[in-house]
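**Q** Residues per chain are reported as follows:
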Amino acid sequence: MLTLDRNLLHRFGLLLVILFVGLALSLLTDTFLSVANFTNVARQISINGILAVGVTFVLLTAGVDLSLGSVVALSGVACATFAHPGDHSVFVPIAVGLLTGAACGLVNGVLVTRGGVAPFIVTLGMMTIARGLALIVSGGRPVADMSNELTALAGDFLGVPIPVLCFAGVAFAAWFFLRNFRLGRHIYAVGGNENAARAAGVPVEKVKLFAYGLCGLLTGLAGVVLAARITTGQPNAGQAYELDAIAAVVIGGTSLAGGVGTITGTLLGVLLIGVINNGLDLMGVSSYYQAVIKGVIIVGAVWLDRRQARS
Amino acid sequence: MLRALELRKDFAGLTVLYPTTIDFLPGEVHALMGENGAGKSTLMKILAGLYRPDGGQVEWREHHAEFTSPHDALVAGIAMIHQELMPIPDLTVAENITLGSEPCSAFGLIARTAQLARAQELLDELESEIDPTRMMRTLTVAQTQVVEVAKALGRQADVILMDEPTAALSDHEVAALFRAIARLKARGVAIVYTTHKMDEVFRLADRISVLRDGRLVGTAQAAELNPAKLITMMVGRELADVFPVRHPPSDDILLEASGLTREPAYRDISFQVRRGEVVALAGLMGAGRTEVVSAIFGLQPASEGQIRLKGTPLSIRNPQDALAAGIGMVTEDRKGLGLIPALGVGQNITLSALRDYGRGPLINHPAEAAASRTQMSEFSVKANSPSQPIAQLSGGNQQKALLARCLLGGPDLIILDEPTRGIDIGAKAEIYALIQKLARAGKGILLVSSELPEVLSLAHRIVVLRRGSVSATLDAASADQETVLRHAMPL
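Residue numbers (this note's numbering), protein chains in the order written: chain A, 1 to 311; chain B, 1 to 491.
Hints are computed from structural coordinates only; laboratory data are not their basis.
Fair warning: this is a prediction, and the values are worked out from it, not measured in the lab.
Think of the CB as a built atom: it goes at the ideal place given N, C-alpha and C, for glycine as much as any other residue.
There may be inaccurate statements among the hints.
Okay, the calculated bits of chain A under chain B, using three or more residues with CB under 8 Å as the criterion [said to hold, decoys possible]:
| id | region |
| --- | --- |
| 1 | 66 to 77 |
| 2 | 225 to 238 |
Partial selection, computed: residues in chain A whose CB lies under 10 Å from chain B [claimed, not checked]:
| id | residue |
| --- | --- |
| 3 | Ala95 |
| 4 | Gly184 |
| 5 | Tyr188 |
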């Protein structure tokens, strides 16, 4: 019961922090509290949100994925390469983007499980490999000239931005999966105590492979969505995206040691980071200061949480 | 000189050392004897400042001493050689030996030459030929143990606590250690010594204290004892009413292991388990018991040999294979290989058999909750609710939950590795009753236990292991503790 209460308390606390920041921004600026701005925030957080949901799976298994940003760029470039008007149906570039991401994730997973290399090292390597591949495939230049069908992915559907719908769908599916699928339970078991999970008959290697593969697939999705939004495949896109994603997950209460964490927590973490980014923009804070402030808030939020956990 | 006064220690609400008073005298080798889990290591760790006592106090040179860390004890003059070796693998032998007492020159720089000389001197004292410039990582277990001993000698301590210092040593190295101990005695150093080797006790010890179940049975001059008397003191207890009646097994062979080998842990291990039979693997720590059952469950498969279940040869590469074939296991290492600490009790119980409570890849939550509640009441696991994290339960309740997990899938062969270690007598009795119930239901039980009364009262047959080989297969009805120990002890 205690842990359950702690989780609730944590999420409740996080929600209070978000409301507090929102209230402060409503008073400090006259632009924050508006439907247009809220839509804007939702649109801005959707890419980080999709990445954060994916990396939640990896962090739950006590792993890490540092290659998110580079794989976003590679998937976006791969997608854009197949998205010139009149070349293919719109489903081809989307599938290419998703599969590129999934392939990177599976390579990470295979090296972690079969190769026995630490996730930090494997994904650090993938971070530079994927970035390099993105530059090679694109010749170092943005891949432009995308079909309208694809760039329409950044548009609205029934008044709601499609990236936001993607994020919402991914988040709901992930929540449902972790809660109701046997494989979801196995992810918690592997992260909680890998050796005990193995002794209990959990197929530890498959579970990890799935987590990295799924994270890669969602990274591919984020790459496609980003390419649609900026209407190019940018080989330099997605720099340091992994840091915002991992920060959101950790703020949301997921333990870097694995086995503890929820999708709802991750959503709140994504929301907090998004609101802070938006607020600093609205207040006209220089991006140099924004970086410092965001770092302080990330470390501060986790520090407060851990202090509360110890007491 | 050093006195344990009414020392008591509890772990998670369970008393592992009841108030115990022992005096340790200068120039004396004092042996602490007892079965695994009797409280010897706990007592030593309190004296060495590693544990804080929950009652009583340590008196050092007739003053109350409060050691809050091993460093405090070291400064006072108490050094310890640990049973679990704690080398730093990427430092040299000399750096390990002088760790924490490095000879320094001006400006706090380490004086390399003096360091090497000091290490060489200590190794010479142990008549060892280990090169002090070698990396610790390259040493054998026996050599590592010699280095640990040298490290303790180098502390110039007045008391040296030695927790099974010879477990990994060859006869030659043991002899050298004994000569070093004799020299220490002559200098007036007090030695506190534990071992499982009978011959060592009577060669070394001046006085012997026997612990059993965390209580001091008595202290006597070594000259007044003999091995038989000592064994009786170590194991003698009445547990008759705790153990339920055994029923005769069937003739139906369930498990047949033949020629299991994985050097250097064990070799050519063969035995059978019939339906309705409890077979115990007995032996000292390190005899290979856990390794053999781990092979049958697929945790660490054997390199040679065959396992047949119900006549069918099995190829078991991992626990999944074993579970699918109908073999379940409760491991000795509850924390490391059993519990998923953050998951609820119920989720821990259903982990191995989750497939039975759902459709396709989905979990059926009501069916799962019903199954965990049934198991919890059947095994009398006391918890607030199935969602309470298992880490918050007592050791006995955790163990019962793990038994519930193991049995939920309905295995035919059940491997229990030290199923009653570190749990209280009430929970022990429940587990004993359960074992007989399972046997009566036609299951085969393979039991590993270091507690001889348990082995003798629960098992139908006892397979005794000594240094990785079967030294005897005994009929429990006609065996006694002395016989088992005689086959288990390396001579």
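**Q** Determine for every hint whether it applies to the structure shown.
**A** Checked hints:
Taking a C-beta to C-beta cut-off of 8 Å, the region 66 to 77 of chain A contributes 0 residues in contact with chain B, too few for the three needed, and the coverage statement is violated. A count of 0 residues in the region 225 to 238 of chain A with a Cβ less than 8 Å from any Cβ of chain B is obtained; the coverage claim is therefore unmet, three being the minimum. Evaluation of the Ala95(A) hint against chain B yields a violated restraint, the C-beta minimum of about 24 Å exceeding 10 Å. With its C-beta approaching chain B no nearer than about 8 Å, Gly184(A) sits inside the 10 Å limit, and its interface hint holds.
The closest approach between the C-beta of Tyr188(A) and any C-beta of chain B is roughly 6 Å, which is under the 10 Å cut-off, so the hint is satisfied.
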